[in-house]
Amino acid sequence: MNEITSAIQIIPLEHYILLSIIMFSIGVLGVLFRRNTIVILMCIELMFNSVNLLLTAFAAYHSDLTGQVFVFFIMIVAAAEVAVGLSILVMMKRNVDSVDINQLNRLKW
Amino acid sequence: MVTDSYLKALVWLVPLLPLAGFLITGLGRKRLKGHIAGILASTAVVISFVLSVILFFSLRKPGTEPLTVTLFSWITTGELSVPFAFLIDPLSLTMMLIVTGVGALIHIYSIGYMHHDERVNTFFAQMNLFTFSMLLLVMGSGYLLLFIGWEGVGLCSYLLIGFWFKNPDYNYAARKAFVMNRIGDLGFLLGIILMFFTFHSLSFSEVFGKAATFDKGAPVITAITLLLLVGAVGKSAQIPLFTWLPDAMAGPTPVSALIHAATMVTAGIYMIARSGVLFNLAPVTLTVIMVLGLATAILAAIIALKQNDIKKVLAYSTVSQLGYMFLALGLGAYSAAVFHVTTHAFFKALLFLGAGSVIHAMGGEQDITRMGGLKTKLPVTFLTFAIATLAISGIPPFSGFFSKDLILAKAFEHNLVLYVFALGGALLTCFYMFRLLFVVFFGNLRSPEVHPHESPRIMTIPLMILAVLATVGGFLNMPSLLGGHSGFLAFLQPSTQSLETGELAHSTEWGLIFLSLALLGTVFWIAWRKFLKQKHIPEKDDHTLNLAGKIVYQKLYIDQIYAFLLEKPYSWLSSFLFRKVENQLLDPLVDGVGHLTSELGTLTRRFQRGNLSFYLFAMVAGILLFIVFILFV
Amino acid sequence: MSALIITVVLGIVVLYLGFLNKKAILSPVAVAGLLVVLWFTSGEWNSGAAYFHDMVVFDNFSVAFNISMIILTILIFLFGMDYYRTMEFHVSEHYALMIFALTGAFLMTSFSNFIMLFLGIEILSIPLYILAGGKKYSYRSNEASFKYFMLGSFATTIFLFGIALIYGTTASFYLPEIEQYVAGCNGELHPMLMIGLLFVLIGVAFKIAAAPFHFWSPDVYEGAPTLVTVFMSTVAKTAGIAAFYRLLGMGLLPLPVPLERALWVMTGLTLLVGNMGALRQTSFKRLLAYSSIAHSGFIMLAMLSQHDNSASTLLYYTFVYSLAVIPVFIIFILVKRASNGLEQLSAFNGLFREKPWIAAAFVILMASLAGIPPTSGFLAKFQVFVLSIGQGYLFISLFAIVMAIVGVYYYFMVIREAYTESEFAKPIVLNQLNAALILICTLGVLILGIFYRAIII
Amino acid sequence: MKLLILLFLPLFAGLLLLITRKYRFSGYLAPASALISLVVTLMVISGVPSGNVSVDWMQVPGVRFNLQLDEISKIMLLLTGLLYPFILLSSWGREQTNQASLQALLLFSQSALTGVFLAGNAFLFYVCWELALLPVFFILLLWGGPGRRSITLKFFIYTLAGSLFLLFGIIYLYLQTPGLHSADFAAMAQLQLPEKTQQWLFWILFIGLAVKMPLFPFHTWQPPAYTTAPPQGTMVLAGIMSKMGIYGVFRLLFLVLPQGVLFWQNTVIILGLTGVVYASVIAFRQNNLKTLIAFSSLAHISLMVAALFAANTYAVQGVLFQVVAHGITIVALFYLVMLTEEKAGTSELSGMGGLKISAPRLALLFMLVMLGGIALPLTSGFIGEFLMITGIFKVSVWFALAGGLTLVLGAVYMLYAYQRAFLGPLNPAPEHKGDIISRDQWWLIPLVILILVLGIWPQPVLNLVLTIPELLRPLPLP
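Residue numbers (our numbering), protein chains in the order written: chain A, 277 to 385; chain B, 223 to 855; chain C, 106 to 562; chain D, 209 to 686.
If you're looking for bench data, these hints aren't it; they were derived computationally from the structure.
Check before you lean on any hint, since a few could be wrong.
[Stated by the list, open to error] Sample of chain B residues facing chain C (criterion: CB under 8 Å; computed from the structure):
| hint | residue |
| --- | --- |
| 1 | Leu645 |
| 2 | Ala770 |
| 3 | Thr819 |
| 4 | Ser820 |
| 5 | Leu834 |
| 6 | Leu838 |
[Unchecked claim] Mimicking SDA-like on lysine to any residue, the simulated pairs with C-alpha atoms at most 25 Å apart in a straight line are:
| hint | chain 1 | residue 1 | chain 2 | residue 2 |
| --- | --- | --- | --- | --- |
| 7 | D | Lys404 | C | Leu499 |
| 8 | D | Lys282 | D | Ile213 |
| 9 | B | Lys597 | B | Lys757 |
| 10 | C | Lys240 | A | Val358 |
| 11 | B | Lys755 | B | Leu741 |
| 12 | B | Lys762 | B | Ile780 |
| 13 | C | Lys128 | C | Leu535 |
| 14 | B | Lys802 | B | Pro791 |
| 15 | B | Lys388 | D | Gly559 |
| 16 | A | Lys384 | B | Ser835 |
| 17 | C | Lys441 | C | Ala541 |
| 18 | D | Lys282 | D | Thr554 |
| 19 | C | Lys241 | A | Val372 |
| 20 | D | Lys404 | D | Trp429 |
| 21 | D | Lys641 | D | Arg569 |
| 22 | A | Lys384 | C | Leu499 |
| 23 | D | Lys230 | C | Lys240 |
| 24 | B | Lys790 | D | Glu556 |
| 25 | D | Lys362 | C | Val134 |
| 26 | C | Lys241 | A | Leu294 |
| 27 | B | Lys802 | D | Lys602 |
| 28 | D | Lys230 | C | Leu499 |
| 29 | A | Lys384 | B | Lys597 |
| 30 | D | Lys362 | B | Val815 |
| 31 | D | Lys602 | B | Leu741 |
[As the list claims (entries may be wrong)] A short, non-exhaustive set of chain D residues, derived as facing chain C with CB atoms under 10 Å:
| hint | residue |
| --- | --- |
| 32 | Phe216 |
| 33 | Phe220 |
| 34 | Leu224 |
| 35 | Leu226 |
| 36 | Leu361 |
| 37 | Ala369 |
All C-beta atoms, glycine included, are put in the ideal place defined by N, C-alpha and C.
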């Protein structure tokens, strides 16, 4: 365990943070500019993972396990969320025969 | 010697009786038939008159303390304490006698004059209400009480001018009278308030008592008196608030006689005479009164020259005579003014009642160009009318001579120019009165379709009584010149505090009298030549007149000027404020806030476009902005 | 703790009842179960019990909020008896999902660790995503669910990222420790921590639909089945507010100045957007959605005006707000049925002719939402203003007052519709249970407004 | 106990009326309740011990349920107690839809108004203040004339907006009280706020009160609301609710913010006098009788506000007297306007004319009430206006002149309106429905008698307000 921690600590923390931020930003940009819902879901997943990465890195640097435990929670919840999300997507596909996020825009003003 | 309490009971009965008459005739106006209302109303006033006479004889002795009768406390708060109380002193007694005496005669006359009218009961109710208000006015022991009567007579005047309410013109005249009076009343009220803050009381005795501590010409006294003057100007129809009085002739003729000749319009003179103590301290105000009075006297007399409506002539004559009274007041000769009030009440009431008799006989016709030759048809009316004409023209030994001469003499003492103008006005009076007399009663009847007949006894008897009074009334105040001792003035002096002036030399007085008599004779001769000898008939309209005549015929266009300067702009302002300011500025301002909010609402909803990309974008933008905000701002 | 467990078990039981096709006893069982939960929850008053290494603490604050949410859920279930009567399938799932969501709500009120907050939010949200899409073949329901889900998961990632950043600086997920750390900084916070805190707050603000993170709420409220909307606008909102306050009150107050300013901006925006958005609404559900945003604004005002009374004011505000919103929605369901599914304000036309007493109750309820005395809504707003003016926030208070005026306008616009003659006959069917419930809620709104003893939490 | 009766009797009577509206006897409930209220009011005013009510209410500190009775309250109670019987009777037997509901709403408003005038605690005051508005909202909405939908909402929002500012001010004051805070007026009156605070807080409170009165330029809701409202609604609005603002000035401004009052004194007086002239001038050319009377009421209220802020003994006593006098007059006037409208079939003056021929009794009563309105001596209007103008005079002669213009301008528009409606030849257009029925006549005569009696013998009411200077000690009344 400590080995892994020290292995992680070889790379400076800033790099992890930077990587996470870049991943997160890519996710955000994907969410903003893609219109295919599947892709957007994947982008959100990317954001989740950037958080996971960040948490793991911090946990390693703080030598604190809770951060890593949190990652497990996140993974489980993310899975549940994706399950629900995909089912909603299926329903949507059934209703409008499309997975474009802007297809559904009857509720407005 | 009657006891005090007995007298006090009499005092409050005097106004109470007309009030009772008003209530009975007013509430029973549906049930009272025929002459009953008239008889009831007249009885009430007659009894009041009798009571006034009793009071007069009980209190007439010189040196008798004025009688104060307190009924109840009207307003008491802080320093302001206004009891509902009557003050009986020579001045109020004089006025009470005029009001009830002349009033009683006019009431009786009205029984005959009004008996065809369907609302005769209402008429008498309102006449009684007027008498009550007028009595309050002259009997009140303080300014606020006076003000009650003051406004009360204004109301009655309004009601009676508009008595024939189906005619919009009459209603207009009534409103005009009330509003013009109200303008004066506002000044009066402000004067009262200023007086209250100056003297901390409103009762005559206390105010006059404290006024003695003020210097002559003290600004505050001048202010008070000027404000009071505004009230008097409104009520007594002086420049610039006189135009309502000619229009007030819209009312039934007895109303014109009682309210717009004998009593109400003299309330202003009464009020100033009553406040003599104050006005004596304000020479500036006296000068203003003098100028106003003289100007009014001459202006009205000029207008009267060309009027064709019998009542209009008399109305302008009233305005003119009121001007003389103001002149007297302005000279500080308050008693002389009241003396002229008295004689004027006799002869002007007589003139109006006579005119009423003529109109009655002519079936409602008021245009003198359509009359003529009534001398034989209406002998009593003619005789009494002629007496009154002589009286008003100031021809001895009729009453008007004495009172007018007194004023002229005072004017002479004061200033020669003043005298010249005053005398000129008197000559004009003589001219238009004889013009009226000649055109109406002499010559041939110019409207053949009517068959005039003398009025019934109930109308002619009051005429005769008044004729007697108009003839002998002057002897009340026989000047020392003629061996008298000016009894009337002496009687009033305790109340009015007239300014003492030196006596003129008898020779000068004789000279003045002869001068005026000579001039009057000349004027009479001109009138006689023009209207009797040449049988000149006044023009029916102004087409044939030259420019000056036209202007006079149109009453100097004063009504039109007022309409142009006041009524039209006011009406315009009213519409403007409502249409533009209220509806296009203030209301839209408020609504504008609403609309703005509403627009903001629409704008807010714009952001909710239903488009998921946009929502996400907005969220991210929000997050970024917040980051910038917390890190860099 | 036992309350939490019983709730989960109850959810499962209800699901099984669905499998066994015992539709008739679904609602009674659910209500009875919740009553038991209520009993156990109230037993925890003043105990201050902490579980899971102190990750959840059932202090009085959370107990009070839990009780309030349980009562609201019971009310919703009772109303649901009528609402779901016409529904053939999956009724039990609706009940079960709501109960599960309630569990998440419990966690949100009692967390003292970010892990629990995260779990609570997700346990509350995921059932709601499903519930919002409850009408499977309805386009609008689908859209609501989809939008809610997309925006919700996006917000979750932001929230998580924030937690990660906080963890990076403070090395802890425990609120008290984070509080200590922040206090030790003496206002000189590391930007990473600052952004972390901001992201966490944004994540929670999303739940209570604070502007500019409110976009989901009008659309979702409108599209979701009405009873779900009721649940979202009452229980879910209460939970969100409790979580928000717990975050601030237990951990972060007094906030670092920049964050506090950011939150004030958010409060102002929320008040503005909520009231302005509702102003010109014609759809009743959207109107209430915007009004719900507006109420979030008032609540944030109270939340930021830190004072001993803030918590009890929040509880009172959310409870009486919910108590009024539930029957209002029910009345809306009734008139909507009577006017062939019309969701516009005009659906209320003729209510005063058809059911005068219901109309009167409606007036009281709307007046409470608008904050007109003597309803409890007024007292709630009064307390909020007492807090905010008392803390010296005069200008934002004046702004809130102006916004309250706007609020009065649209609520009374609806009342005006209810008191306008209808163009066609509308036989409004009202069963006795619903009538009784509406009456009870209305009386509650009135009595809480007239006789109120503050609860010290 | 008596105070509680005053407060709750109308409320319960109203509820009972709603429940029993199908039964015959329900018609008598409202007048009976109002009459009992009147009797109790008179007892309370004449000094029969009425017992104080003061209980802790909510556990919000300092929010107590306490009723207090001082001279200002007494005047207001007198007004309320006196007018409500007539307002209720005016709707009696008239063909109005759903009369029971209307009367119940009126009774509710009576309760709320009584609460406003009795409250000894600002919180209770505010609760009643807003509660009073609700019944009127429904009266306007359900029984109003054309255009009521938008006008009602405008009226409601406008006045409520004012109220909310008032709420802000009240809360601010509440929070300034020392210790655990108290919302009692007595505690607020003890406050000695810094001058600057008083100056800005003044406007927050005053706007709330001014909208209610209403005072120029916050009045734009008033003419349309008075015009559109059913007669009973207008009577409540003009007769009593307009006085709430004046009452509030006493309670919240004079007693709590004396320095603020003195600082803004002239500003408010000028606003008031502007209102007097503005409204009077506008009234002249109004074609709708109701709007005309609405503007006249605006003018009168404006004068009262101006006098109020003259803030000296005479002015304040005059205002309080005028509160009663104007209340009676305006209720009687709107009653008569209702009858006139019934008889002429329109409220447009252009459609009237000569009504005195077909309805002489109506014309007579109208004339009498009108005289009270234009402040003829020996009517109640004169006493009030005289005292008020006296008070204003003390501040400035020019102010008094402007205020006194009401005497002239009032006569101008009232007489003109009277002429257009009643005098002149009979308008051939409307179908004439004869004179008023005796029931209305018998309700109106007491009002007319009251107008006259208060003018001839004002002392009983004046005695009530003699001790006002004592009461307003924070304000150095000259």
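Each hint tested on the structure:
1. A least Cβ separation of about 76 Å between B:Leu645 and chain C goes past the 8 Å threshold, and the interface hint is therefore violated.
2. The interface hint given for B:Ala770 is violated, since its Cβ lies 69 Å from the closest Cβ of chain C, which is over the 8 Å cut-off.
3. Checking B:Thr819 against chain C: minimum C-beta separation of about 6 Å stays under 8 Å; hint holds.
4. With a least beta-carbon distance of about 6 Å to chain C, the hint placing B:Ser820 at the interface is held under the 8 Å criterion.
5. Interface hint at B:Leu834: satisfied, since its Cβ lies 6 Å from the closest Cβ of chain C, which is below the 8 Å cut-off.
6. At its closest, the beta carbon of B:Leu838 sits 6 Å from a beta carbon of chain C; the interface hint therefore holds under the 8 Å criterion.
7. At most 25 Å may separate the alpha-carbon atoms for a hinted pair to count; D:Lys404 and C:Leu499 meet this at roughly 15 Å.
8. A threshold of 25 Å between alpha carbons decides the hint, and for D:Lys282 with D:Ile213 the separation of about 15 Å falls inside it, so the pair holds.
9. Note on B:Lys597 and B:Lys757: the hinted pairing holds, with a Cα-Cα distance of about 15 Å set against a maximum of 25 Å.
10. A hinted pair counts as satisfied when its Cα atoms are at most 25 Å apart, and C:Lys240 with A:Val358 qualifies at roughly 20 Å.
11. For the hint pairing B:Lys755 with B:Leu741, the CA-to-CA distance comes to about 20 Å; that is within 25 Å, so the pair holds.
12. Only pairs whose Cα atoms come within 25 Å are accepted, and B:Lys762 paired with B:Ile780 is accepted, the gap being roughly 20 Å.
13. Restraint check for C:Lys128 and C:Leu535: the C-alpha separation of about 21 Å stays at or below 25 Å, so the hint holds.
14. For the hint linking B:Lys802 to B:Pro791, the alpha-carbon distance of about 15 Å falls within 25 Å, and the restraint holds.
15. Pair hint B:Lys388 plus D:Gly559 holds up; C-alpha atoms about 16 Å apart against a cutoff of 25 Å.
16. For the hint pairing A:Lys384 with B:Ser835, the CA-to-CA distance comes to about 13 Å; that is within 25 Å, so the pair holds.
17. Proposed proximity of C:Lys441 and C:Ala541 is supported: the alpha carbons are some 19 Å apart, at most 25 Å.
18. Restraint check: the Cα-Cα separation between D:Lys282 and D:Thr554 comes to about 38 Å, which exceeds 25 Å; the hinted pair is violated.
19. Between C:Lys241 and A:Val372, the direct Cα distance comes to roughly 13 Å. Compliance with the 25 Å bound is thereby established for this hinted pair.
20. Taken as a hint, the D:Lys404 and D:Trp429 pair is broken in the structure, with Cα atoms around 31 Å apart against an allowance of 25 Å.
21. A threshold of 25 Å between alpha carbons decides the hint, and for D:Lys641 with D:Arg569 the separation of about 13 Å falls inside it, so the pair holds.
22. Note on A:Lys384 and C:Leu499: the hinted pairing is violated, with a Cα-Cα distance of about 35 Å set against a maximum of 25 Å.
23. For the hint pairing D:Lys230 with C:Lys240, the CA-to-CA distance comes to about 45 Å; that exceeds 25 Å, so the pair is violated.
24. With a C-alpha separation of about 22 Å, the suggested pair B:Lys790 and D:Glu556 falls inside the 25 Å cut-off, and the hint holds.
25. Among the hinted pairs, D:Lys362 with C:Val134 is inconsistent with the structure: their alpha-carbon atoms are about 49 Å apart, more than 25 Å.
26. With a CA separation close to 43 Å, the supplied pair C:Lys241 and A:Leu294 exceeds the 25 Å bound.
27. At roughly 35 Å between alpha-carbon atoms, B:Lys802 and D:Lys602 are farther apart than 25 Å, so this suggested pair is violated.
28. With a CA separation close to 51 Å, the supplied pair D:Lys230 and C:Leu499 exceeds the 25 Å bound.
29. Simply put, A:Lys384 and B:Lys597 have alpha-carbon atoms about 99 Å apart, too far for the 25 Å limit, and the pair is violated.
30. Distance hint between D:Lys362 and B:Val815 is fulfilled; the C-alpha atoms sit about 11 Å from each other, no more than 25 Å.
31. About 54 Å separates the Cα atoms of D:Lys602 and B:Leu741, which puts this hinted pair outside 25 Å; it is violated.
32. Against a cut-off of 10 Å between C-beta atoms, the interface hint on D:Phe216 is violated, since the closest Cβ of chain C lies about 13 Å away.
33. The beta carbon of D:Phe220 is not positioned within 10 Å of any beta carbon in chain C (closest approach about 15 Å), and the interface hint is therefore violated.
34. With a cut of 10 Å, the hint placing D:Leu224 at the interface with chain C is violated, because the nearest CB-to-CB distance is about 15 Å.
35. For D:Leu226, the shortest C-beta to C-beta distance to chain C is roughly 9 Å, which falls under 10 Å, so the interface hint holds.
36. Checking D:Leu361 against chain C by beta carbon gives a least distance of about 6 Å; that is within 10 Å, so the hint holds.
37. For D:Ala369, the shortest C-beta to C-beta distance to chain C is roughly 4 Å, which falls under 10 Å, so the interface hint holds.
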